[in-house]
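**Student:** Okay, here's what each chain looks like letter by letter:
Protein chains: 2
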Amino acid sequence: MRAISSKTTIPILTGIKLELSTEGLILTGSNSDISIKSTVIKDTELQIQSEGNIVLPARFFSEIVKKLPESIFTFEVKENLQTVIKSGSSEFLINGLDADNYPRLPQVSKNLQFELNGKMLRNLINQTNFAVSTQESRPILTGVHFVISNNQVKAVATDSHRLSQRILQIENGPDNILDFIIPGKSLTELSRILSDVDDNIQIQMSENQILFTIGNLSFYSRLLEGTYPETDRLLPDSSTTDITFNSSKIFSALERASLLTHESRNNVVRLVINPELHQVVLYGNSPEVGNVEEILNVDTLVGESLEISFNPDYLKSALRAFKTDQITMKFTQPLRPFTVVPKENDGQFVQLITPVRTF
Amino acid sequence: MRAISSKTTIPILTGIKLELSTEGLILTGSNSDISIKSTVIKDTELQIQSEGNIVLPARFFSEIVKKLPESIFTFEVKENLQTVIKSGSSEFLINGLDADNYPRLPQVSKNLQFELNGKMLRNLINQTNFAVSTQESRPILTGVHFVISNNQVKAVATDSHRLSQRILQIENGPDNILDFIIPGKSLTELSRILSDVDDNIQIQMSENQILFTIGNLSFYSRLLEGTYPETDRLLPDSSTTDITFNSSKIFSALERASLLTHESRNNVVRLVINPELHQVVLYGNSPEVGNVEEILNVDTLVGESLEISFNPDYLKSALRAFKTDQITMKFTQPLRPFTVVPKENDGQFVQLITPVRTF
Chain A
1 MRAISSKTTI PILTGIKLEL STEGLILTGS NSDISIKSTV IKDTELQIQS EGNIVLPARF
61 FSEIVKKLPE SIFTFEVKEN LQTVIKSGSS EFLINGLDAD NYPRLPQVSK NLQFELNGKM
121 LRNLINQTNF AVSTQESRPI LTGVHFVISN NQVKAVATDS HRLSQRILQI ENGPDNILDF
181 IIPGKSLTEL SRILSDVDDN IQIQMSENQI LFTIGNLSFY SRLLEGTYPE TDRLLPDSST
241 TDITFNSSKI FSALERASLL THESRNNVVR LVINPELHQV VLYGNSPEVG NVEEILNVDT
301 LVGESLEISF NPDYLKSALR AFKTDQITMK FTQPLRPFTV VPKENDGQFV QLITPVRTF
Chain B
1 MRAISSKTTI PILTGIKLEL STEGLILTGS NSDISIKSTV IKDTELQIQS EGNIVLPARF
61 FSEIVKKLPE SIFTFEVKEN LQTVIKSGSS EFLINGLDAD NYPRLPQVSK NLQFELNGKM
121 LRNLINQTNF AVSTQESRPI LTGVHFVISN NQVKAVATDS HRLSQRILQI ENGPDNILDF
181 IIPGKSLTEL SRILSDVDDN IQIQMSENQI LFTIGNLSFY SRLLEGTYPE TDRLLPDSST
241 TDITFNSSKI FSALERASLL THESRNNVVR LVINPELHQV VLYGNSPEVG NVEEILNVDT
301 LVGESLEISF NPDYLKSALR AFKTDQITMK FTQPLRPFTV VPKENDGQFV QLITPVRTF
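Residue numbers (the UniProt record's numbering), protein chains in the order written: chain A, 1 to 359; chain B, 1 to 359.
Simulated from the structure, these hints should not be mistaken for laboratory data. The structure displayed is predicted, hence computed values, not measured ones. Built from N, CA and C at the ideal position, the CB exists for glycine as well. There is no bait here: all hints are sound.
Computed cross-link-like contacts, BS3-like style, restricted to lysine-lysine with a CA-CA straight-line distance of at most 30 Å:
hint, chain 1, residue 1, chain 2, residue 2
1, A, Lys7, A, Lys67
2, B, Lys316, A, Lys86
3, A, Lys330, B, Lys67
4, B, Lys86, A, Lys316
5, B, Lys67, A, Lys249
6, A, Lys185, A, Lys37
7, A, Lys66, B, Lys323
8, B, Lys249, A, Lys66
If you want the footprint, here are the derived chain A segments under chain B, 3+ residues with CB under 8 Å:
hint, region
9, 57-63
10, 92-101
11, 246-259
12, 285-296
Modelling step: build the complete structure from the supplied sequences, incorporating the hints.
**Tutor:** What follows is the structure in structure tokens.
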């Protein structure tokens, strides 16, 4: 169901394909971008009388199965693709579609194959995917850029206003350097499927498709074609003002400030940093409603004084992704991007936020 | 907040009125139809420096108070109605409005006054309010009709397709016969406020207003003007076919059937009752998706055979309102309304559903 969209230009894709062989039942859903294949192996709970294929309206089939009166049901395709589902004293007759007309799944060769831990991949997705662009004007930015080399995975996402980069070490990585871009929407669904998976998952790749194999489930996604912008040079390698905060306190202050800034046209907070007074003040303003001033508790504050304005929502999502008690913000100039990193930064997780010019 | 709407033609009503006197703080919200007044009595947790009134933007004021960093805050109205809210290191300055421009609450005299138990009133509302009309074409049907006489409350709601009537005995009812119609939307909010109230609540009434007093809270609603249609004559006093069902089983069967009927233009299930075979079958159909046949388990079935079609959603909401294990459906003719009552019916709770002509 996670791959099936009710809005599609290919009517048969609103259906779920069922393929019954002597080995078991294969269910397939697809929206062209993502395809998911799930296999139910034959056992005492799946008894097979005869083989065959059918496509059934996905939403109904799933709702019907959920709502059947008994835990067991019988399933029989009759003439004219009509399918009878019987359970207890309930009997459904559902109009099916010819499985021969269902699009074929992409072919992904086994030449390029490696493993990743499910939990690690899920974290990697959740720590970057929120920063992809939702605008189709630059399609390449709607995906997360993965580079795998030297037993290391680097994932980067940016919508050109903010960027999130996460690097993780892996074991038994592929020999070649891999460089690919997975659409953000595919990753959102993959992350949901991975929510309970702590095992390793197999990954295969061809030029424009990637296949994740998770137990009896195969998750196919197309890859975005094109060259991802060079992002390494965007990350500043030095800073002139560094502040370390308690994450949850600055998060709450941003939440209060954005109550007002969300009402104003440009949704911007202003941070005034005064190292001499050891003081950092956050200002939010809505011409109609009013304004707010938050004196922030800083753990450490070194460097030059600075005034900088930025979208509070970007910092809020950055903090949500870190999940650490303390974060460090590193600034250079009022109009240059600043970075946010976990306090104990090993260079493996960094977020970049572009300030907003307010004058 | 329950009375305040963000969409209003009277801008000051998007605000919450605060009146601070030496006795305490009164908060008022209103959308013209409903007004709610809540009093916070002066005590150690409410310290008053000076009296005064202000209207603040309700949504912001409520969100700000929720998100303040400390449990205590100070509140000060300065020049030009600007209001300072301080808590910990957070300081808000909110633009207020002049409380003198806030509409006055309706006057409700104490001449007509009685008490009802909070839990009883909440049940009465939940058992009838779902059946009010949502169409403004007959405004009188958008309310619940209450008649209080002889220590008895009768509540009736109908949208002309189905009707719900609940009668409850009360103690110390008013001496006069009372007959009034409360808008369904007011009752929805009142029922939410009553969700934790098991005490008696005071009710006062004038020609076009009703006031419920619940502890420190006053809930005002306008009454609908006009004459409610005569509904007693709609309830049939005899039947020719009676069936008693297990409520949850027929509810599940209706849920399955409506998966399909919701897809068809007229959303109708068909019930075929055959007393000779002691069999009742429910049919649902969608020309596109397919059909379903449910053989219903009946506890008792007496009378004549019958085929009848109706909207399954009406029977589902009726069953939800009853909350009893067994219900009895009483039919006369295929095109005459049928009633649904709890099996142990003492005449105090009855629902009426109008069938649909399908030929």
